[in-house]
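Top line first, the protein sequences correspond to chains S and H. Here the first sequence is numbered in this note's numbering, starting from 852 and rising by one per residue. Here the second sequence is numbered in this note's numbering, starting from 852 and rising by one per residue.
Hints in this document: simulated from the structure, not taken from any laboratory. Hints are all accurate, no fakes.
All copies of an identical chain are treated as equivalent in the list; a pair is satisfied when it fits inside any one copy or across any two copies.
Distance condition first, Cα-Cα at most 25 Å in a straight line; then the derived DSS-like pairs of lysine-lysine:
| hint | residue 1 | residue 2 |
| --- | --- | --- |
| 1 | Lys913 | Lys1229 |
| 2 | Lys1169 | Lys1187 |
| 3 | Lys1216 | Lys1014 |
| 4 | Lys858 | Lys1020 |
| 5 | Lys1166 | Lys1216 |
| 6 | Lys1202 | Lys1166 |
Number of protein chains: 2
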Amino acid sequence: MISEKYKNMCNTPSVIRALSVYATERGKEIGYENVFDFSLGNPSVPAPAAFDQAIRDLTEEKSSAELHGYSPNPGNPEVRRIVAESLKRRFGIDYRAEHIFMTSAAASAIAHALRCVTEPGDEVLTFAPFFPEYNPYVNQTGAVLRVVPADTKSFQINFDAFKAMLSSKVQAVLINTPNNPSGVAYSSETLKTLASIMKEAEKTYGHEIFLISDEPYREIVFEGADAPYVSSFYDNTISCYSFSKSLSVPGERIGYVAVNPAAKDAEMIVPMCVQISRGTGHNCPSSIIQMAMARCVDMTSDLRVYETNMNILYKELKELGFTVVKPGGTFYIFPKALEEDANAFCEKAKKYDLILVPSDSFGVKGYFRMAYCIDTEKVERSIPVLRKFVRECYG
Amino acid sequence: MISEKYKNMCNTPSVIRALSVYATERGKEIGYENVFDFSLGNPSVPAPAAFDQAIRDLTEEKSSAELHGYSPNPGNPEVRRIVAESLKRRFGIDYRAEHIFMTSAAASAIAHALRCVTEPGDEVLTFAPFFPEYNPYVNQTGAVLRVVPADTKSFQINFDAFKAMLSSKVQAVLINTPNNPSGVAYSSETLKTLASIMKEAEKTYGHEIFLISDEPYREIVFEGADAPYVSSFYDNTISCYSFSKSLSVPGERIGYVAVNPAAKDAEMIVPMCVQISRGTGHNCPSSIIQMAMARCVDMTSDLRVYETNMNILYKELKELGFTVVKPGGTFYIFPKALEEDANAFCEKAKKYDLILVPSDSFGVKGYFRMAYCIDTEKVERSIPVLRKFVRECYG
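Build the full structure now, drawing on both the sequences and the hints.
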């Protein structure tokens, strides 16, 4: 018989996806250029030319068996070494190849990390606002995701609420900085405090509490932002990285787990990921994509457009009277809606072909997310529409 | 704390992998050309030139966003359509894109299929000899793998044992034809009988029993073999395919789930796979690899070498007095050892630098597997060594 659990899940479609489908359909009626689609976090800038060149070169340079043959389960050894050396060079942590497990991007990295450090029934804490996919990511492992209420003033961390939710059941804390949906990067101060509370809790409860750091936006950081490397603050950290946004290759599914070498049982985590991958059917990202990435490991796409877009939107939203925290990175901004019910607010915006995502599924009420990974030209054209919407509905 | 379950799994290394590591180490001492390494099922023929050409062309023809952007969760829609049409054309089953879920090869296809049709505690039956990775594949879903003893005469199916093991707990039957490790393809007769017993059991127990058909060797079939398409025999079939062996691209991780359109709830299986992939972090194979495969969907590598190698080995093994069933496909052969204890037999062979895999982990005692996906020249050079080994140890 087919599984009731997964069958039932099909009936709860994602709000973001539904809005994106609506935007596409609406585009067919009025031209997609006239739909101000801020729904999806799909990178709009091209991959570096060097990435495509690497792919072409590899097909000429390597034998078929070298290029397309099985990678060992943790990933191509040379690629893992290159990733470890890049991280060591940039962040001063003594990573070696044995701390790196190549994954099909961040989703898969998180899936492995969670299974490494939790058992069914354990609790994983995350902080609102949070990426809604954390629900299936965590809950399908058998662990339970609990959401710490937001610090809506700064979208840093509500530490009082966090402390109140810590218990012997908590085995992991899952964070995402720079953050989807708020765009905020956790400051050094925030990460120091987080680490100190977690260390205290490890003592209190007599077991490790791992920090799982979801970092797909690590390379999209704006001028003046304090956006430090998470693993520098807390030894028991497993970093989950994706090249989807930094190299603009989300379809290629490439990323990694990087285990802090000072973590408890650090040398065990990658072999455990290998075991986990046998059950999930993961078995490594594409070999040519691993090798092409390794040739571009310290490159990024031209990410400046996201900061340009952010500045345009932030300035305008402030001028229109929105309460909004200035993003430190990503390609999201997370203003307070102009009425209590963010769903009603976003429904009204839809009438103006402004596609905004209400905040409820991110674990906060009364806000909305704009994904501005779109052309600057379109962001600029959206401004008079945004003004009209605000004036007519809330003027 | 780190998970005891996965930590403990690290202590039970695979016999096949251990032998392969031994062969590599031994190769460093005496030259790998002098080690007759029949341990690993790693394709030795190159991918079709058209596959690499497709990769290069795609990087020139497509925009970065088209080529490297997110695929929808079930896979690139155009690629799914091409796969469905190819299957329809070849096997006469009315597949449409909605029945195809693109996966990171067969391991991942099986991981999704199992979760679609079982709940924790259910039983999945498979037939010895079987691919040992079925243990983690099934057991990590929470279901239980039970192995039906082999029909050692023909390595078809031991139907009496099968019938005796059917019960209300059995929700799926997992088969692999042409088979790793026996090399035998299930005949039309076998599949007809299997289907009829399963249909009867569905009636008896009042629920569907799905057939999960693991088909990575579907395109490696030898002259005269009766190796029909499994899904033609039984409606409730989920085919799990991999291009790893047919296109010689195991590192690229590309395959699919194909749901028989006549299966119960056929239209639900792919959306359920999408839900499952959220928890496992699967989220699609590489986009460029999907597109390159679609341009080669009806091609294969030059697979003839496997039949050449099989014929050399089969003839020689027979002449040396081995009991052996002639393979109908794959690149494996599975003779009976010349003493009861296959481990002792393979240990003795190792002294001659013949690397053979004892059958215990395949669920049968007293046999051994040879993977002959190696150069014919090496197979030929192995013959005098094989003769010497048999003469000196069992003459």
